[in-house]
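Going down the list, the protein sequences come from chains A and B.
Take 1 as the starting number for the first sequence in the working numbering and just add one per residue.
Take 380 as the starting number for the second sequence in the working numbering and just add one per residue.
Don't take every hint at face value.
With the C-beta cut set under 8 Å, the calculated list includes, among others, these residues of chain A facing chain B [claimed, not checked]:
1. G106
2. K157
3. A175
4. D204
5. K366
In short, the hints are calculated from the structure, not lab data.
C-beta: ideal position from N, C-alpha, C; glycine also.
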Amino acid sequence: MAPPFPWVYTPPAMAREGKNPSPSSPTKPPKPSSPSKFKPKITQSDDLPLEKDLLLRMHDVMVKARCLEERLIAMYKSGHGYFWIGGPGEEAFNTALGLLIKKGEGPAYDYLHFHYRQSATLLAMGEEPLGAIRQMKNTATDPYSGGRNFAGHFAKKAWNVAPVSSPIEVQYSMAPGTAWVQKRFGGDGISIVTGGDAGTAEGDFATCLVWASRPGKEVPLLILVTNNRWGISTPYTDVQGVEKISDRGVAFGMRTKTIDGNDPISAYLELKEAFEYVRTERKPYLVEARVSRLYGHSSASGANFVTNEADCIAQFEDRLIKKGLLTRQSADALRAKYAEELAELARQAKEEPFPEGSTIWEHVFKGEPARDPLATEEG
Amino acid sequence: MANMAQAVRLALHYAEEHLGVTDIFGEDVGPPLGGVFTCTQGLKTTWNSPLDERGIIGMAMGIAMAGGRPVAEIQFCDYIYNTIDLLKLAGNTLWSSNGQWNLPMVVMTPVGSGIRGSIYHSHSFDASATHIPGWKIVMPSTPLDAYGLLLSACQEQNPVLFLIPKALMRIKGEELIPGEPSEDKALSKLIDAPLGDRTQWKAQWPAVQPVSIPLGQAKTVRAGSQLTVVSYGRTLPMCLLAANALASEGVDAEVIDLRTLWPYDWATIKASVAKTGRVLYVNEDTEVTNFGEHLIRRTTDELFYKLLAPPKLLAGKFVPGIGLADTLEAASVPQQSDIHAAMKKLAAMEP
Ligand SMILES: Cc1ncc(C[n+]2csc(CCOP(=O)(O)OP(=O)(O)O)c2C)c(N)n1
Ligand SMILES: [Mg+2]
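Could you put together the complete structure from these sequences and hints?
This is the structure in structure tokens:
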């Protein structure tokens, strides 16, 4: 049987067997990518230096985001979607990020140039999960792309969320443009760009560093890299010689740091400092966050849970329980509640129609009627 | 009379004063040079970019997203190829976001042969550009058209690629741009940057008036009854000269300047070919999967029973480059004599 998605990467072993991993087939967790010699300060301490409300809100969003991704994976595995990619494992960092974003439309607010692992950020910003489910099912009601694009490919103009697109790293070439307008506009709106570690090998990453730091014309751009030490199946150390990706910003005179993205508290505090700098100084900041990848790269590699990488939610829950802010029962109940809610939303989306084929002519050009330009009068 | 470089400059001046253009940028676009072809001298919103074509297109997309109105230049279209997936992305941003994000941006770039530019300053880009949906594609052949079309481009809500034929950059127009001084040389004194030190120089802009040339409208530059020639850019004036010369040999050709490649004015082509029964498409991009091939497909689809002869394409040879020597360039892209011969031959074909 040919793999159902020949355009996505199938690891060689599977390609040889000529089959895509079926949902039930147990996949061995991949060997951990070679560890980094550099370790960001791992906080994960008993100390929880944030307000209780904020801690619980972060936990709530992280759990909801995990449940959303797990529902999307379940939809994929049961044939209710063609492809899954998303952010399980990055909830700590992505939630902290979302809570710090100034949400709105236009240059007074933050512009968001995201990649495909950002669901927790959207949820932290207050997005309803139904849209992601509809996009997974490619229904006409998909609010981001109307059934045109893959899961996790958000686009929401009302919140300055630029369309997530599949080509790796292109968002790093565009982000200095929105930031340039914001520099001129004034105020405290900034641009934020996210992407993975492997993608930083693309020229667009260098473009971003160059254009963000032109002398006297620096732009308010928060440049983020979530380093899970994988590019699909290729370990970071196989292909990149730079120990800390954040070091690449140093040559451009940028502020930089590498942080533990698995700890929501330190991620929040570190990001907050970077946000404040970019908002007020109107200059770029490069932050590399070390994160986990908990369900592999995408559905093309099976989308099965791996047990050999740190799980930010499990770690955070242990700390919250130890501190008496949560009980095991309440944590489990929260997860069960979201799992059920999301299952219900998926049931709803499954009943919704696909877009009509004739809608392909819509939105080719703004302000112009939807029509086949080569249609003849005779038809 | 303005040449095309001056016409582009006048249009950009009008656009930054009246149409909300916020950023005109690219390699060497700002002072002191004002563009390697001088198209951006003396303007208010120009700046020099890093030498990074992908960065230029990405920056234009970002500016457009945030409500600015950029005009970005790629110094030579030969160097636009490494931006092609960003061009694709700009073309699909509205579509992929199901109508949410449009990108009002103009990318202009000099194209084609005719300046002995050898392998990397002679490329065309129209064939590749017309494979990228979501863009409007413009290619003027006169300064006045360049002026009017660029004003339209700067008012578009969608990405526009503005291809400027290098060979025509320094040719003066035959029509005045409204507001342009009529006396020869006067315009140059006002808006051409002096040689040498330019630090104190400022352009003195004549009060040019807008001209409306909507995108998507061809212009019939010569009426004729026996044969239709459709062209754009560098080869268009050659087609007109050939048609005039052939008139004395008893061939009456109609010449259409397409001006916009996407969307293109099929109604004008169709009406003309229905009348003449013979059509020659002429451009200088390489001939395999050339835009003229698409036009031939449409011609046979819709006009087959009106044709008196096979529709023809005269285009660049399918070779990897345009060689520097005169003889090589002449052998690679259509010349006046090639066009003349092709028209004559087509006119003589009988069913
Ligand atoms: C330009 C481009 N090349 C290749 C791909 C296929 N691809 C999709 S994701 C990916 C790996 C990306 O790794 P990284 O940047 O580290 O992000 P991660 O997925 O690990 O978060 C590749 C090669 C692509 N989408 N775009
Ligand atoms: Mg990675």
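A quick look at each hint next to the structure:
{"no.": "1", "hint": "G106", "in the structure": "holds (6 Å)"}
{"no.": "2", "hint": "K157", "in the structure": "holds (4 Å)"}
{"no.": "3", "hint": "A175", "in the structure": "holds (6 Å)"}
{"no.": "4", "hint": "D204", "in the structure": "holds (6 Å)"}
{"no.": "5", "hint": "K366", "in the structure": "holds (4 Å)"}
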